[in-house]
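Residue numbers (my numbering), protein chains in the order written: chain A, 1 to 295; chain B, 1001 to 1240.
Honestly, I wouldn't trust all of these hints.
Sample of chain B residues with no beta-carbon within 12 Å of chain A, all distances over it, derived [to be verified]:
1. Leu1011
2. Ala1037
3. Arg1120
4. Glu1147
Once the Cα atoms are required to be at most 30 Å apart in a straight line, the calculated DSSO-like pairs of lysine-lysine come out as [unchecked claim]:
5. B/Lys1188 x B/Lys1065
6. A/Lys223 x B/Lys1016
7. B/Lys1056 x A/Lys223
8. B/Lys1148 x B/Lys1065
9. B/Lys1188 x B/Lys1016
10. A/Lys223 x B/Lys1183
11. B/Lys1054 x A/Lys223
12. A/Lys223 x B/Lys1201
In short, the hints are calculated from the structure, not lab data. Computed from a predicted model, the values in this text were never measured in an experiment. Positions of the beta carbon are idealized from the N, C-alpha and C atoms, including for glycine.
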Amino acid sequence: MFEYMDYNIAPWGHEIVIYFFLIGAAGMTFVYAAAPVVFGNVFGGAAKSMEPFQRVGLIASLVLLAICGPLLIVDLGQPARFLYPILYFHWTSPLSWGSLFLPLFGLCIVGFYYGSIKDNQGLMRWTGILGSLLALSMPLYTGLDLMVNQTRELWSNPTIPLLFVILSMSSGTAVVAVIQLLRGQLDQRAAEFLHAFLYLSLAVTFALFLAEWVVLNYGTGEKQQAWEIINQQFAFKYWGMTFLIGILAPLVLVAIPKLGRDPKILTLAAVLSAVGAYSFREVLIYAGQLTQINF
Amino acid sequence: MPVGLQTEPSLGVPGKKRWAMVVDLRRCIGCMACVCADKAEYDVPLGVWRTTVKVKDTGHYPNTKRHFMPRLCNHCDNPPCVRNCPTQATYKHEDGFVLQRYERCISCRTCIAACPYNARHVLPKNRDRVKIGGVVDKCTFCNHRVEKGLAPACVQTCLGRSRIFGDLNDPNSEVSRLVARHKTVVLKPDKGTRPQVYYIKPDRAQTEQVFSAPQSYAARSDAQAFYQRNRGSKFFSGVL
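This is chain B alone, in the form it adopts within the complex (with noise of 0.2 Å):
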């Protein structure tokens, strides 16, 4: 496997592939089958997430609305993790993955500060099936699968089809043609790090960090619980 680690975006470019994912939020219907099958794939421990679907409750009864969004690393085109990892642990491949060398990691946990989409998390040291902890863990796109002609565990248990996976440079590929005929959304744009994560009609609620604030009393003491179990009361964040 090509090891570039800041490799030029392959977005657009012939003769390259640029894995991407469409997610469609008209058709999530927030059966968490997608985290399941993700936790399933990798082993993922309890209290860490690669991927998750993010539940908000909008509006005042009778007038209420409860939106899904699915999130997951972006792997974005200027990945900030990538760029502040001191040892090179995290590298993007050329075909767009951002994928992360656990040989090499040091758990500084610089990537996670970097990472706008709360992606990336730091696996227990000690696991009983999986030796691999430690060390800081994300979301791979299922390269492994990928590579083998597979869909992404995700996308293929998705049983609403609201994840769509594929190759962006392919002119006939579902997510291409998707995002060609739909608006699409990413993540934090103004950030700079272009995403491959593209939503197709996403709630404001969900996708502008300062009204995605918890509104119900539920949502709020959870937060204020968290707030005050991560404000750093801990040494080594509790994490490790």
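Here chain A stands alone, though its shape is the one from the complex (with noise of 0.2 Å):
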């Protein structure tokens, strides 16, 4: 009858997950707008293709930041001390690392932005360099924070960070493909760009969810249990959501070769997978946490 009068509440809700989605569609988006200066001429100048994109492109992962900082900053107990984490820095804490990465990136896109505006080259290569990788940074520190907990085994996985970095990748060609089929700008030089970057991203994440399932199924009891309490209480948001809609149906979409390079059907594609890659996200956070409440 006490069984269960000893459980502390699972720490992370809703807003972890919106905000672990957005920082990484941020990041991707900005390193989409830096393309054309950061990789300029790389591959036959495919990345120029993204010019069109570019003010827009920091704009959206402007205002995505700045959802994003303000949702994490309310999340906190203590919100008056979100800058805590700077001033107490913590160097083996990641949730430090992505706190000082969060502002410097924000900076970078401001910074390009800038330099875009007085046509300051010099400004925006190292602006687009710096905060390129500042972008890679924020869905790897999320991953981070999740796999450096070795006592959570669905967390403690180094495919984590890969994983949400590449999912990130699904999620900023969903903005940036609805973003310029809108404006009527989603050529077939952009499409066949974003359909690169969507088709990798696809596959590499269904290899790691298929890893996912090999390792849950093939793994220690708590794996096991992980993978039991995925299938019992996420079973629809795992399989259906994320494995049916956000992974298989984009990638046969994009894998099509003509109907794969249709901006419409790219941009349908970006936008499942983009769910799926919410859902992935939404489901390994919440399952992590609910392994332990029977110990």
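Two chains, each in its own frame: build the complex with the hints.
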């Protein structure tokens, strides 16, 4: 009768999942916006197809960041102390690094935008390179934040940071594709460029999804317990929203050579992959917290 | 008080103390006096606990058994909560306590996620008598009492003398003798946390996570309700 009096409530709710999703999308949107300057003529100048997206991409990235920052602050029990992770920086905590990189990333976006207004190529290049690295660090640190919890076996897995970076590629591609389609600027060259990234991100996500499946089934007792929780509590989100809608359907769409490069189909596939990216994170974050409640 | 964030483990180090607890499960009668003493000592709010006694019924009528398992912070020698805290709010004292600096805690709940023993909780923001709120709290091994030569509140009140507290580095202490003489078990040793709460004669159903799943219908129903309440369906996890 007292068996469950001792549970202290699971710590992370919706806002953390939304934050993880949006910060990944913001980061990859910036990478796309800065790609023409950062990558220039690499790969035959393919990145130049993103030039029309540059300014609007920076604004989109900044808007997403403007949502993420306050969301993370409001999520704290002590929002007024939001600078403490920087003031009392703790180098072994990924959250400290993330708190440091987040404003720096914002500064890079502003710096890049300023450089583009003033046509300052040097400033754009430096803020573009630094900002792209910081942009990649955003989903990376969110994944690391889970991975360093060695006591939660669903999270303590070196593929999680990689998975989060790849998922942010999907969601970032969705942001770019939707914006450019609505502006009527998703031409064939841009679609080709986005198609390559979306195809890559979906293929890697698919591989990591299978890897997760194998690891959880062949893993320790706690991993098997996590697999049970996923299938009992999150079956629809995991198999329906993540696998079928978020990975398999868009992968099939982009894999068909002519169909996958059609701007509208590509945008649809990107949006579906973003749904999967959200859902995958959601299941991993929640199920990872539930594995211990029977103990 | 010296503040060492990641102090070296003091276990076995001459001249240093290593406070630890032994819980003799042969003596625990499930009276919950330790839980009450702890609630009284710290004015712990409703719904959260610094220490608990987990109760588990096993077997089928008429061959049944009720197991009691006192649980608290394990004051690990390799505490993942300390490593993961972004503000250094939680730290390890050189005598082995894992403590919390309330004035630094931002309540990001990373430490709760990191703790494998479910030993941490969030204090509600608005409290009547105690002003500390909206931060993460945990068992402190009653370090304020220990520094004055007193036993922790839960140990003082334990009427079966199930909970025994002392310095493991002192070979003449009761905890040292118990750990030396008896086969003791720590919780989740495979997690690498090096916990410092030692149990004498626990049941497998209590110490192994996978085997400690709810068994009775009522317990399963409670677990189901807990799942539904805490699967992220609420913003801010419903804790703040």
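Now the hints, each set against the structure:
{"no.": "1", "hint": "Leu1011", "verdict": "holds (20 Å)"}
{"no.": "2", "hint": "Ala1037", "verdict": "holds (16 Å)"}
{"no.": "3", "hint": "Arg1120", "verdict": "violated (6 Å)"}
{"no.": "4", "hint": "Glu1147", "verdict": "holds (25 Å)"}
{"no.": "5", "hint": "B/Lys1188 x B/Lys1065", "verdict": "holds (23 Å)"}
{"no.": "6", "hint": "A/Lys223 x B/Lys1016", "verdict": "violated (39 Å)"}
{"no.": "7", "hint": "B/Lys1056 x A/Lys223", "verdict": "holds (23 Å)"}
{"no.": "8", "hint": "B/Lys1148 x B/Lys1065", "verdict": "violated (40 Å)"}
{"no.": "9", "hint": "B/Lys1188 x B/Lys1016", "verdict": "holds (26 Å)"}
{"no.": "10", "hint": "A/Lys223 x B/Lys1183", "verdict": "holds (28 Å)"}
{"no.": "11", "hint": "B/Lys1054 x A/Lys223", "verdict": "holds (23 Å)"}
{"no.": "12", "hint": "A/Lys223 x B/Lys1201", "verdict": "holds (27 Å)"}
Violation of the numbered hints given earlier is confined to hints 3, 6, 8; the remaining hints are satisfied by the structure.
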